[in-house]
Structure formats: C-alpha cells, structure tokens
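Join these two chains into a complex; the hints should help.
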Amino acid sequence: MSKTHVTDLLSEYIEGSLSYGNAEKVRGHLAFCNPCRQALTETEHHIDVLKSTPFARLPAGLETKVLARVHQELKAPGVPLRESSSFWPSWLTPMRGLALAATCGIAIVVVRNVPHDFAERAEAPARKAPTTTELDQKVKADVGSANAPKEEAAADNQPSGEKQPEGFGGSTGGAAVADRDGAAAKDALTDAVSSNKVAPPIAPVAPAPEAVKAPMEREAAKPVEMAVARRAMVAEEKLDASALQKSADKSGRLIPETAAPWAAAQGKSSVIAEKKSVAAPVTPAVPATPEVPQMNRQVMPLVKAKAEIAAAAPAPISPMEGSRSSISRPQEFVISDQAAWEALWKRHNSNIQPLPVLPQIDFATHQVLAIFAGERPSGGFRIQLLEVSKTPWNGNTVRVVRFRVVGPAAGTMAAQVISYPYLLTVQPRFDGQTFFQKRP
Amino acid sequence: MSSGNPSLEAVSARQPTGPGAMPDNPALIEKLRSGDPEAVEQMVKAELPRIYNLCLRLSRNPTDADDLTQETFVHAVRALSNFKGESLVSTWLYRIAVNVWKNRVRYETRRQKSRHVSLSQARSLEPDSEPLDIPGADRPPEEWAALSDDHRLLLEAMDQLEPDDRAVLTLRDIDDKPYDEIAKVLTMNLGTLKSRISRAREKLRVIFRRLGGRAS
Numbered sequence: 135m136s137k138t139h140v141t142d143l144l145s146e147y148i149e150g151s152l153s154y155g156n157a158e159k160v161r162g163h164l165a166f167c168n169p170c171r172q173a174l175t176e177t178e179h180h181i182d183v184l185k186s187t188p189f190a191r192l193p194a195g196l197e198t199k200v201l202a203r204v205h206q207e208l209k210a211p212g213v214p215l216r217e218s219s220s221f222w223p224s225w226l227t228p229m230r231g232l233a234l235a236a237t238c239g240i241a242i243v244v245v246r247n248v249p250h251d252f253a254e255r256a257e258a259p260a261r262k263a264p265t266t267t268e269l270d271q272k273v274k275a276d277v278g279s280a281n282a283p284k285e286e287a288a289a290d291n292q293p294s295g296e297k298q299p300e301g302f303g304g305s306t307g308g309a310a311v312a313d314r315d316g317a318a319a320k321d322a323l324t325d326a327v328s329s330n331k332v333a334p335p336i337a338p339v340a341p342a343p344e345a346v347k348a349p350m351e352r353e354a355a356k357p358v359e360m361a362v363a364r365r366a367m368v369a370e371e372k373l374d375a376s377a378l379q380k381s382a383d384k385s386g387r388l389i390p391e392t393a394a395p396w397a398a399a400q401g402k403s404s405v406i407a408e409k410k411s412v413a414a415p416v417t418p419a420v421p422a423t424p425e426v427p428q429m430n431r432q433v434m435p436l437v438k439a440k441a442e443i444a445a446a447a448p449a450p451i452s453p454m455e456g457s458r459s460s461i462s463r464p465q466e467f468v469i470s471d472q473a474a475w476e477a478l479w480k481r482h483n484s485n486i487q488p489l490p491v492l493p494q495i496d497f498a499t500h501q502v503l504a505i506f507a508g509e510r511p512s513g514g515f516r517i518q519l520l521e522v523s524k525t526p527w528n529g530n531t532v533r534v535v536r537f538r539v540v541g542p543a544a545g546t547m548a549a550q551v552i553s554y555p556y557l558l559t560v561q562p563r564f565d566g567q568t569f570f571q572k573r574p
Numbered sequence: 399m400s401s402g403n404p405s406l407e408a409v410s411a412r413q414p415t416g417p418g419a420m421p422d423n424p425a426l427i428e429k430l431r432s433g434d435p436e437a438v439e440q441m442v443k444a445e446l447p448r449i450y451n452l453c454l455r456l457s458r459n460p461t462d463a464d465d466l467t468q469e470t471f472v473h474a475v476r477a478l479s480n481f482k483g484e485s486l487v488s489t490w491l492y493r494i495a496v497n498v499w500k501n502r503v504r505y506e507t508r509r510q511k512s513r514h515v516s517l518s519q520a521r522s523l524e525p526d527s528e529p530l531d532i533p534g535a536d537r538p539p540e541e542w543a544a545l546s547d548d549h550r551l552l553l554e555a556m557d558q559l560e561p562d563d564r565a566v567l568t569l570r571d572i573d574d575k576p577y578d579e580i581a582k583v584l585t586m587n588l589g590t591l592k593s594r595i596s597r598a599r600e601k602l603r604v605i606f607r608r609l610g611g612r613a614s
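Sequences listed follow chains D and U, in order.
Using this note's numbering, the final residue of the first sequence is 574, and nothing's skipped along the way.
Using this note's numbering, the final residue of the second sequence is 614, and nothing's skipped along the way.
In isolation and in its complexed conformation, chain U is listed as follows (with noise of 0.2 Å):
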C-alpha cells in the first residue's frame, strides 16, 4: 500500500453514520436499477462520506481509502441489477466497500508471502539495516494530532487484528451500526456475530496491553 495523503480534516464532531440518508424509495430503487444517471449521482452524493470514512477505518490510509471508494461504487454501479431493495441502499454499500476491502488485503497478503527478496536485500533483514520498502499504514498528520495516545494505541491495536474482528469492530465500535446491519453487510447471523464481537474485543484488549497500553 502506498503511503497516506496527508488531506483528511478531522472534525471533532461526530457526523451521524446511520442509515436513512439516502431515501430507499422503491421509485428511486427502480430508477437505481435501470441504471438513471440522476439516481445514480444522488446515492454517490449521498453515500460518499460514510463509505469514504468506513474504507478510511478498515484501511488506515487515506490514499488506499480513496481507492476503495472508488472501487466501492464501480462495483456497485456494475451490480446495480442485482440490488433487489430487500437492504438498505447504504447497507449493500457497506457490504459492497467490506468485500472491496477483504479482497485487497488478501491481494496484498498473498503479494506480501510471494515476494522475492534479493540478495543484495537480504542483508536488510539484519537489525542494524534499512526497512524495506513495504508500505505502512500511514495516517494524516491532522487526524493523529486530533487524537489522544489511548486512542492512536487502540488504532493501532485494531490493525493487528485479523480483517474480519477488525471489520466487525469497526461496525460496531467506531461507525456504532446496529447488530442487524451489521449482520446483514457481513452476511453472518446475529449468535455468530455476537460471538465474534466479544472475541474480537478480548484480542483487542490483549494487544493494546502488549503494545504497552494501560489500564484506565
């Protein structure tokens, strides 16, 4: 992944991330369907910043976050057919930007296992020598300064976690979705999920403590 662009503003308050900001009326979902650029344009208008700031969350990297967007919404253009109304239209999105999201950390993991290191950089694995060229998760200057030491720690806490805790994390810890939504964008039932939850939080809790965290 390449490295963040710095232009991300935080804003202290908290913009509203529940569904309803895009109106599932079945004209506009028939008109989503045949493909009307005006519906089109409307969802993208109306969709754009939680999906942007979900693909932020899931990829801690506003460059990768702008790609994912993107990719979000091509994907969801070419299956525009497909969307049958029985979610919301902010939900299929989700659902839409988590998969985008899986699917390139799996290209980037097997990229990762499958790389060839050179002789001449071998002698970089050593201690004392230069990183290697692979790309961090880098975060905007802006949003780092807006947040406190707990909660840089805890950020980095969640990019150690595998990308399923991390996403249902992020759902339901940071964007704050109900249980059902976020069973629905993860195509999981709601015991599993619950499940998944807890144990995703008790990893969290573990790591941030290896990292050196502290008990409130």
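In isolation and in its complexed conformation, chain D is listed as follows (with noise of 0.2 Å):
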C-alpha cells in the first residue's frame, strides 16, 4: 500500500478477501481520496466488462482435427506413454550437464577436506563423559583455583548483586545471599547423602556437559560456590528424592524442595529460602576433622555420593533442565505412564542422535511434569518452577504448577542462538487434574 493511496490494495478490496482491518481502512480512505474512488469504480467496471466476454463456439473440424492428431500421437511408436525411463527427472533434463559438474565439484570438496586421520578418528573410541576420578581431579583443581586471591578478585568483580541475573540472583541478590545459598546446597548435600533413605525416582548419573557447564557459567565469580554446585548437580537425582520425602513429609508444598537441589546449585536464592527452611536441622553427615581443610571437608560427602551414584546406575540420562528441547512449542504435559514417558524422550530429543537412555521412573509412585516454553530468540532463558501446590477446585483436589520463563537479565550477553528451554520433574503420583501456570 503506498502512502498516499489503497490502489493496491483495491483488487482484493473488490473481492471481498481482504482482512477486516485494512478493508475498513479501504473504506476510510476512500471516503475521502476521489482519486481513489475512482479507481475502484473504473476496475469494478473492467472486471464486470471482462466477465461477460462471450463464449465463443468450437470452430467448424477443430474437434476432428484435434482427434486426428491425438490419435496419430498414440499410434506414434514409443510415443507418448512410455513411462520415464530416464534416471533423471524431466526438470532437471536440460540441467543434466550442470548438475553432473555441480555432484562432481561437491565430491572434490568433500574428499579433500576429510582429514587424513579419519580412519584413525573412526576407530578410536568415542567420546566418553568424564569418569568419576576425572571429575575429582577437576574439582580439586577448582577448589584449589578458589583459594583467596581468586576468590577476592572475583568477588571485587562483582561486589554487588546488581549484575546479577534476576533469575539466579533473586530478589534479594547480592554476593552475601548467593554465600548463603551456596551454604544451603552444601547443607541440602549433606542431608542427602547421609540420609540416603529413598531410593531415587530417577537413576542417576553424571551430568551430561551442559549441566555442569550452565552453573559454572553462572557463578563464576564465586569458584568455591561453583565447585560445591557442580557436584549438587551430581547428586541432584538423589537429593532430588531425599528433598521429595522431607517435604512431603512436613507441608506438602514439593516443588521448592525438589527444586532446591538444582536451585541451590544455580544459586537461586529464592527457592533456595524455602529450601533451608526445611533443611535446616539436618547435620552434616561428615564430621569435620582438625586434619582435612575446611573445602575438603565439604567436598567429601560429595565424592562419597559420586561413588555410589556411579556403582548404583551407570546409565546417562539428559539434563532435566536445558535450552535446546526438539518441542519447539509451548507446552506443558503430565507423563503418568511409560508408554507416554518413551514417546515424550522420543520427541524431546529427536534432535539428538543416539536417542539419549530413557530415565527409568517409577510411574506407579511418580509422574514427570514436563513443561516447554517454546521458541526463544537467544540463550539464556531457563524454566523457572515457582510452586507445586495442591487445592481444593470444584469440589476436588487439584494440582497446580507455577513457573515462569526467565530470560537473560538487561544487559548482560546471551548466545544469539534460538533457544528451546525445557524443564522435566518428577513429582510424586497424583491421579487429580493438574494445571499449570506461567507466571509473568
């Protein structure tokens, strides 16, 4: 549409398959722009004019003639109905010679870019996850790393909680609560592998890469917190199902505590408040001793629960929590039987080859919630899961779920890649409807 005038927009304006919108916009032009006006008179009259064109007669012997000579044409030897012998298609027939210089360039290409030690590469053993005493080995390092000059220099980096990001930070914010928070997994840690009472709802494994890798991203002005985080992130089945326990035990209210280890290790102070609230009594399984350094001392129970982890369930599981679902929708499920679970990991990881191990849940005791925000325009943005509450609804008890989509905070950098987020849990078994809600 030009500026001045709808003439554009006046052939569709004529057939009635223009939006409602721009035809009252038409219309409000109109009233006003003669020119206009009379366009629209002048191509109402052109099309009735054209419409009554007459229909003229066959011309006397077309019809013979015509059949005369489709029927010499299906008489003709091999001609018309051979069926395609070619191996091309008829389209592309006039570009044979083209598209055979085109393959044989591509091949070129691509032979001469394929590394010489290709066939070495093939037959060493693929990439593995890092094993347990690998894992051990970094974490020392990092906990080495976070002696004090590091440790003052990172804190002078972020002295305050204002660049943090809201999602992590919390309200509150600030270096002194993520200290706290980081006390609160360490504590929630504690609890979990002394406890180890329940038995987990889903097997656990190391975290995949990305797991460990977003955490440290996160925090990392604070090694200590983050050393302490990426082995929460290890332990987070199991904590998972200790918190599961308590909470259900003592308010009902599930999601800060399932939450709380994932949370904790992502220094999320708001979940993590709850979390402590309920934590707090628990003591630390390991006693400290004068002889092992006050870090040393917190990692132990952490490498005890690497150890039973990996001896207990050696299959990988994908992390619970990411960006790069294959639902590229908003959508939220509740997985309640195996059959749902295998299809669901199907969809949500057809991006991925091999399909990752399916995590085995325990679907007569447990249900997955599943939630997907959708597309996003970059990284950073993450579920959030505010609440898992049960109400009274119509007479019935109901489930609600509260989240909130949380992107990257004002300011700071994010990958400028679209981005999938995702969140599973797994929660107890409740056979009442459940509804989720996306919080602002």
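Worth flagging that the hints you see were computed from the coordinates, not collected in a lab.
Predicted, not measured: the structure shown is a model, and the values here were computed from it.
All residues carry an ideal CB built from backbone N, CA and C; glycine is no exception.
Just so you know, not all the hints are guaranteed correct.
[Unchecked claim] Estimated spans, in silico, between C-beta atoms of each pair:
(1) U/V604 <-> D/F166: 20 to 28 Å
(2) D/A235 <-> U/G483: 15 to 23 Å
(3) U/M586 <-> D/S462: 25 to 33 Å
(4) D/G162 <-> U/D562: 29 to 37 Å
(5) D/S151 <-> U/V604: 51 to 59 Å
(6) U/P576 <-> D/Q472: 45 to 53 Å
(7) U/M586 <-> D/L164: 23 to 31 Å
(8) D/P488 <-> U/G483: 20 to 28 Å
(9) U/M586 <-> D/A210: 32 to 40 Å
(10) D/Y154 <-> U/Y577: 17 to 25 Å
(11) U/R509 <-> D/A235: 30 to 38 Å
(12) U/R504 <-> D/A235: 21 to 29 Å
(13) U/D557 <-> D/S484: 54 to 62 Å
(14) D/P464 <-> U/P435: 56 to 64 Å
[As the list claims (entries may be wrong)] Using 25 Å as the maximum straight-line C-alpha spacing, the simulated DMTMM-like pairs for lysine to aspartate or glutamate come out as follows:
(15) U/K500 <-> U/D434
(16) U/K443 <-> D/E207
(17) D/K185 <-> U/E554
(18) D/K199 <-> U/D465
(19) U/K582 <-> D/E149
[To be verified] Take a look, some chain D residues computed to stay more than 12 Å from chain U by CB distance:
(20) A173
(21) I181
(22) P193
(23) G231
(24) G239
(25) V244
(26) V468
(27) S484
(28) V539
Now the structure itself:
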C-alpha cells in the first residue's frame, strides 16, 4: 500500500478477501480520496465487462482435427505413453550437465576436506563423559584455585547483586545471599548423602557437560560455590528424592524442595530460602576433622555420593533442564505412564542421535511434569519452577504447577541462537487434575 | 501470427467454464494414463471447448487458438503417463495450454527481435510508408460485433499487458476461475497470485485510459 493511496489493495477489496482491518482502512481512505474512489469504480467496471466476454463456439472441424492428431500421437511408436525411463527427472533434463558438474565439484571438495587421520579417528573409542576420577581431579583443581586471591578478585568483579541475572540472584540478590545459598546447597547435599533413605525416582548418573557448564558460567565469580554446585548437580537426583520425601512429610509443598538441589546448584536464592527452612535441622553426615581442610570437608560427601551413583546406575540421562528441546511450541505435559514417557522422551530428544537413554521412572509412585517454553530468541532463557501445590477446586483436589520463563537479564550477554528451554521434573503421583500456571 | 479465420460465433449466453465437465474418477484417470483411446477421446471432447476458448482469449486470434488447442492436446497425450491425478484434468490441461501459449509468445518475440529488415523495406519504417508485413492479432468480426466499445478497448488494453499479467486476468476476470485453481495452473502461491492480479488490474486500468477509455 502506498503512503498516500490504496490502489494496491483495491483489487482484494473488490474481491472481499481483505482482512477486516485493511478493509476498514480502505473504506476510510475511500471516503475522502477521490482518485482512489475513481480507481475503484473503474476496476469494478472492467471486471464486470471482462466477465461478460462471450464464450466462443468451436470452429467447424476443430474437434476432428484434434482427435486425428491425438490418435496419431497415440499410435506413434514409443510416444506418448512410455514410462519415464530416464534416471533424471524431466525438469532436470536440461540441466543434466550442470548437475553432474556440481556433483563432481562437491565430491572433490568433500574428499579434499576429509582429514587424513579419519580412519584412526573412526577406530578410536567414542568420547566418553568424564569419569568419577576425572571429575574428582577437576573438582580439586577448582577448589584449589578457589583460594583467597582469586576468590577475592572474583568477588571484586561482582561486588553487588546488581549484575546478577534476576532469575539467579533472586529479589534480594547480592554476593552475601549467594554465599548463603551456597551454604544451603552444601547442607542439602550433606543431608542427602548421609540420609540416603529414599530410592531416587530417576536413575542418577553424572550430569552431561551442559548441566555442569551452566552453573559454572553463572557462578564464575564464586569458584567455591561453583565447585559445590557442580557436586550438587552430580547428586541432584538423590537430593531430589530425599528433599521430595521430606517436603511431603512436612508441608506437602513439593516443588520448592524438589527444585532446591538444582536451584542450589544454580544459586537460586528464592527457592533456596524455602529449602533452608526444611533442611536447617539436618546435621552433616561427615564430621569435620582438623586434618582435613575446610573445603575438602565439604567436598567429601560429594565424592561419596558420586561413588554411590556411579556404582548404582551407570546409564546416562539427559539433563532435566536445558534449552535445546526438540519440542518447539510452548506445551506442558503430565506424564503418568511408561508409554507416554517414552513417546515424550523420543519427541523431546529427536534432535539428538543416538537417542539418550530413557531415565527410569517408577510411575506407580511418580509422575513427570514436563514444561516446554517454546522458541526463544536467544540463549539465557530457562524455566523456573515456582511451586507445585494442591488446592481444592470445584469440590476436588487439584494440583497447581506455577512456573515462569526467565530470560537473560538486561545488559547481560546471551548466545545469539534460537533456544527451546524445557524442564522435566519428577513429582509424586497425583491422579487428580493438574493445572499449569505460567507467571509473568 | 497469421490472420484470423472469422468462423467464430459469439454466443450471448455465457457457458459454464468451471471444473467438472470431465469426470475425474480414479478409473478414468488410470485409463488415461494407460493411453486408452476411448478415455483420451472422452477427455478431448469434454475439454475441447474450454481449452479452445482459453487459447482464443490468450492469443486473440482464431487461427492461433486453433493451433494452440491442437498443440495443447498433443502435449497432453504425450505427457499422459506423467499425470498423477493430483489436480483436475481440466486444471492440468489449462496449465499445458498456458505453457504452450507462453512458449509461442516467447518464440514470436524472439522471431520479431531477430528479424532482418532489408534496405528496400527500410523505407517502410518512415511514417507515410506501407506497414511491414508483421502479423497482427485479428479478431473475428462476429465477436467484435457483439462487444461494446469499452469491451473492445479493454481487450486491446489486455493485448498490451505482459504475458503473465494477461494470463492471470484471462483466468480470473474472463474465465472466472477461483484463486486456488489459477494458482495451480500458473504454479504460483496464492499470495503471489493475488498481488499479481492486483498489479495487472491496475496496469490494465492505466493502459485503458491511455487508449482513450473513459471512466465509467
């Protein structure tokens, strides 16, 4: 549509195929624009006139001529009904030479770019996830590097909570809060390792690199918390189970407890604050000894937890929270049986080959709540689970899942890639209705 | 293009031109694909009037319309084995007819551009000289007689449109084809088709006024 006239919309206006808004716009314009009104009248007239073009009768003998030629074609040897015997599709026939040349060119480029040690690489074992020992060594290195000078320098780099992403720093934000969160995470971790009363609903295993990387980036200014957080991620399934049990016993508000270990690993102060209220009375299972440095004492339960995890279930699982789901539309699911879980897992991981091993869920006692945030314009988005609660509604008890999609904080850098954040959480089985509430 | 054969009889009543004259049942399509002469003959008899009228409206010349119609059916018979039945037989034939006509226009355009004019004929380019022997788009007298002045002028204006614009207006405004069928015939998407029709109507309006057409 030009700035001054609506002539390019008149045709569709006449046909009645304009949207209501555009039709109103045209109608409004026509009320005061004489040239456009004139154009409308003329175009309508032309259409009417053309539509009245008479239908001509066939000239005498044309049908005979056409039939004669058609029969002649039908009798012609090899014409017309030969099946296409050519390898090339008919539309490609004129471009055969070009297509051949392009194919050869691509083949040459590919062959030249194949590395010489390709065969050796193919024979080499596939890249494995870091073993427990490797992880231990890396953790020690992290802890060692977390000593005073670097820690202070890091703290200086982020003196207040203002620079922290909103989703991680929480409303109170700040380094002090993050420290408290770190302590809470340690408490939770120690508690989980020492109690070990509840069988984990998901077969636990070492987290995929992504799961470790995310908290590392967010907590780059706090190496100590980062190291602890990494261990929290390692033992997250066990923590999840124990926290779940405790929360069910005490308050029935399941999610803050369930999310706490992951939240602790990521420094989520708002969720941790709730976690602390439950986990506070728990004492560390491993007593501190004067010979062991303070940081090592904190790490010890994690090492034990990892050893137990490695012995119990070596099968890998996908991170339960991330930004690369194959489900690209905002959707929520309650998964209550194995078939649905397998279908969802397959759909969710359809961009990963081979398909990650399906985590084992005991659907007799648990369900999976799956939340997919849909397409997001950049990295840095994640789903924050706020609460899972039960509430009476229309005479029944229903479950309400509240969550929000948290984006990268203003002024922070985020990867410029389309992301599809998701969150899969295991909850105690609830056979009533479940409502998902997305909070702003 | 050669001069026209004034053998057309214009009829005042507009005949139905929509799809459906050729019953598109799978058995018939299968017979067509296998080259069954009876099925082919049935197709020709059912679709010939529409195809001829389309060719006439596109070429504006009865003789050319005659040739184009024959060529269309010959091409169709040659391509019968490739017809998948994804569209109506009439739509498929329309597509062939439009392509045959476009090829003819392209050929004529090239022929005109590469035509050599001898020095003896060069004087013909002067204003008072005799016109060169360049084929025109004749119309059958009967049809001219039946049309109003505006109608004739509009058809002349359509002659000056680009082939694609002429094709969309012929199919939409003269043949009254629905958008989706035109899109299939011209193998373009609906959005492109709508904007092309819009532009073609505007061009037609401008040319019509330039030719002296009066605003209604």
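Now for the hints, and whether the structure bears them out:
Distance hint for U/V604 and D/F166: a CB-CB separation of about 23 Å, consistent with the stated range 20 to 28 Å. In this structure the supplied range 15 to 23 Å is violated for D/A235 paired with U/G483, their Cβ-Cβ distance being about 36 Å. The beta-carbon spacing between U/M586 and D/S462, approximately 29 Å, falls within the hinted interval of 25 to 33 Å. One distance hint, 29 to 37 Å for the beta-carbon pair D/G162 and U/D562, holds here, with the actual separation near 33 Å.
In this structure the supplied range 51 to 59 Å is violated for D/S151 paired with U/V604, their Cβ-Cβ distance being about 23 Å. Here the CB-CB span from U/P576 to D/Q472 is close to 50 Å, well matched to the stated 45 to 53 Å. For U/M586 and D/L164, the Cβ-Cβ distance of about 29 Å falls inside the hinted range of 23 to 31 Å, so the restraint holds. At about 41 Å, the beta-carbon gap between D/P488 and U/G483 misses the expected band of 20 to 28 Å.
Checking the proposed 32 to 40 Å range against U/M586 and D/A210 shows it holds: the Cβ atoms sit about 33 Å from each other. Separated by about 19 Å at the C-beta atoms, D/Y154 and U/Y577 satisfy the suggested range of 17 to 25 Å. Checked against the hint of 30 to 38 Å, the pair U/R509 and D/A235 passes, with Cβ atoms roughly 32 Å apart. Range check, U/R504 to D/A235: about 27 Å between beta-carbon atoms, so the 21 to 29 Å window is met.
Remark: the range hint 54 to 62 Å for U/D557 to D/S484 is upheld by a beta-carbon distance near 56 Å. Taking the beta carbon of each, D/P464 and U/P435 are about 59 Å apart, inside 56 to 64 Å as hinted. Annotation: proposed proximity of U/K500 to U/D434 is violated, straight-line Cα distance about 29 Å (limit 25 Å). For the suggested pair U/K443 and D/E207, the alpha carbons sit about 16 Å apart, so the restraint of at most 25 Å is met.
Between the alpha carbons of D/K185 and U/E554 the distance comes to roughly 15 Å, so the proposed pair stays at or under 25 Å and holds. For the hint linking D/K199 to U/D465, the alpha-carbon distance of about 10 Å falls within 25 Å, and the restraint holds. Restraint check: the Cα-Cα separation between U/K582 and D/E149 comes to about 19 Å, which is no more than 25 Å; the hinted pair holds. Interface exclusion of D/A173 from chain U breaks down, the closest Cβ pair being 7 Å apart, not more than 12 Å.
Distance check for D/I181 against chain U: the nearest CB is about 5 Å away, which does not clear 12 Å, and the non-interface claim fails. With a least beta-carbon separation of about 4 Å from chain U, D/P193 fails to lie farther than 12 Å from that chain, contradicting its non-interface assignment. Every CB of chain U lies more than 12 Å from the CB of D/G231, the least distance being 22 Å, so the non-interface label holds. Distance to chain U confirms D/G239 as a non-interface residue, since its nearest Cβ pair spans about 30 Å, more than 12 Å.
No beta-carbon of chain U comes within 12 Å of the beta-carbon of D/V244; the shortest separation is about 34 Å. Even its closest Cβ contact with chain U, about 40 Å, leaves D/V468 beyond 12 Å, as expected for a residue assigned away from the interface. Distance check on D/S484: its Cβ is at least 29 Å (rounded) from any Cβ of chain U, clearing the 12 Å threshold; non-interface status holds. Remark: the non-interface label on D/V539 is consistent with the geometry, its nearest Cβ contact in chain U lying 33 Å away (cut-off 12 Å).
When each numbered hint is compared with the structure, violations occur for hints 2, 5, 8, 15, 20, 21, 22.
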